[in-house]
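Visitor: Here is how the chains run, residue by residue.
Number of protein chains: 2
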Amino acid sequence: VKSAKKDYSFSNRGKTLEDELDESNAYYLANGIAVIHKKPVPVQIVKVDYPSRSAAVIREAYFKTPSTTDYNGIYHGHHIDFDAKETGISSSFPLKNIHEHQVEHMRSVTDQGGTAFLIVKFTETERYFIVPFDLVDRAWKRMKEGGRKSIPVAELEEDAVEFHAGFRPRLDYLGAIAKLGIS
Amino acid sequence: VKSAKKDYSFSNRGKTLEDELDESNAYYLANGIAVIHKKPVPVQIVKVDYPSRSAAVIREAYFKTPSTTDYNGIYHGHHIDFDAKETGISSSFPLKNIHEHQVEHMRSVTDQGGTAFLIVKFTETERYFIVPFDLVDRAWKRMKEGGRKSIPVAELEEDAVEFHAGFRPRLDYLGAIAKLGIS
Ligand SMILES: [Mg+2]
Ligand SMILES: [Mg+2]
Chain A
89 VKSAKKDYSF SNRGKTLEDE LDESNAYYLA NGIAVIHKKP VPVQIVKVDY
139 PSRSAAVIRE AYFKTPSTTD YNGIYHGHHI DFDAKETGIS SSFPLKNIHE
189 HQVEHMRSVT DQGGTAFLIV KFTETERYFI VPFDLVDRAW KRMKEGGRKS
239 IPVAELEEDA VEFHAGFRPR LDYLGAIAKL GIS
Chain B
89 VKSAKKDYSF SNRGKTLEDE LDESNAYYLA NGIAVIHKKP VPVQIVKVDY
139 PSRSAAVIRE AYFKTPSTTD YNGIYHGHHI DFDAKETGIS SSFPLKNIHE
189 HQVEHMRSVT DQGGTAFLIV KFTETERYFI VPFDLVDRAW KRMKEGGRKS
239 IPVAELEEDA VEFHAGFRPR LDYLGAIAKL GIS
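Residue numbers (the numbering used here), protein chains in the order written: chain A, 89 to 271; chain B, 89 to 271.
Bound conformation, chain A alone:
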C-alpha cells in the first residue's frame, strides 16, 4: 500500500544511525539472535549533589574521549565489536571520523579472534556499509603514509559489504556480516 509505505518511510526520517542500531539490537535480543549493546557515553564526574529524599544529581561532569568502540556483544558465539559512523559527505568516508585508539582497539579485538568493523551510513544517499577492520586498517595506514584521508565510495563498493534498511530488524547488519565469514 503506497500510503503506508510513505508513512513508514516518513517515520524513519530523522532517525540517527544510533537510533536505528538500538532498535535493531533490541530486536536481536528479544528474538534470541544476539546480545549487543551500546556502551554508555564516558563522562568524567567532578561534582555530585546528594539532596535529601531525592536522587543524586551530577552538577559538574565532562565528556571523555572513548577509548574503545561504542558497540560490542556476542552473536552465535562470536565476539562482535564495532563503531557506528554517519557522514553527510556522499563520495567518501572521511577518516577523521575515527580515532587512532579506536583503530588500535579494533586491531586488538581482531588479534583475539573477534570480528571488528565500522558501520558507515551516508545520510544523503541513505547507503549503509559494513567496513571490515582490514579495510579500515589499510585506509588508515595509507593516510599515515601521506595518502588520501578518506575511503572513496567506489572502494567501499568493492571491499566493504553494503546492506539496506528494512523493517524487522530495521538494520539487519548481522545478516550482512555473514559475508565476512561469520554465520
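Think of the hints as simulated: they come from the structure by calculation, not from any bench.
Keep in mind that this is a model prediction, so the values were computed, not measured.
Just so you know, same-sequence chains aren't split out, so a pair can sit in one copy or run between any two.
In silico DSS-like pairs for lysine-lysine, Cα to Cα no more than 25 Å straight-line: (1) K127 x K173; (2) K135 x K103; (3) K135 x K152; (4) K152 x K126.
Starting from the structure of chain A, add chain B with the ligands where the hints point.
Guide: Here is chain B with the ligands on its own, set in the frame of chain A:
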C-alpha cells in the same frame, strides 16, 4: 625480602576490586592476552553548558541503573561478560548486590555461547571467587522460591572457583576461569 613484601601488601590496601580489575585488564591488553574493558557508568544527561573557548560542561545529569554487567570483552576468541561485586560480609554473598536485569543479561550471554560470571571479593577476609552463571542462577531461583537471600561461602567453596591476588596481573581471573572450561 620481608620489608618489600610488607610494602607491596600495604600499597594494595584500600584498592577496590574495580581498581584491581582495571590494572589486571591493562596488563592483559598490553600483553596481548585479552581485550576486556569496564563500561562507563551510565548517566542520563539533562543539561549541558557550552562555554565559548572551553569544553562542554554537563550541569545536570543522573545516574541510571545499568542494564547489563560492567565488564566484557574477548579472551582467546571467547566472549567474556562479568560483573564485579565487593561485600563486607564474610560468611555469604548477599544477592541484593545483583539486579534482576543483570541476571537476565548473563543468561542471554550464556545462551549465545558466551562465558558469564561474577567476581566476588570478600573484603574482610580478602577472598576472591569466580561465580559461574549457573551458580548465580541456581541461587537466584532459590531466593525467588522463598529460599535464602545469599550464597554461603561454603557453597562458593564447593561450586565457585577461588583465586588469589598476585603481582602481574594483580588478579589473574582469566587464569582462574580456565577451570570453567575456557582455555
Ligand atoms: Mg560512534
Ligand atoms: Mg559492578
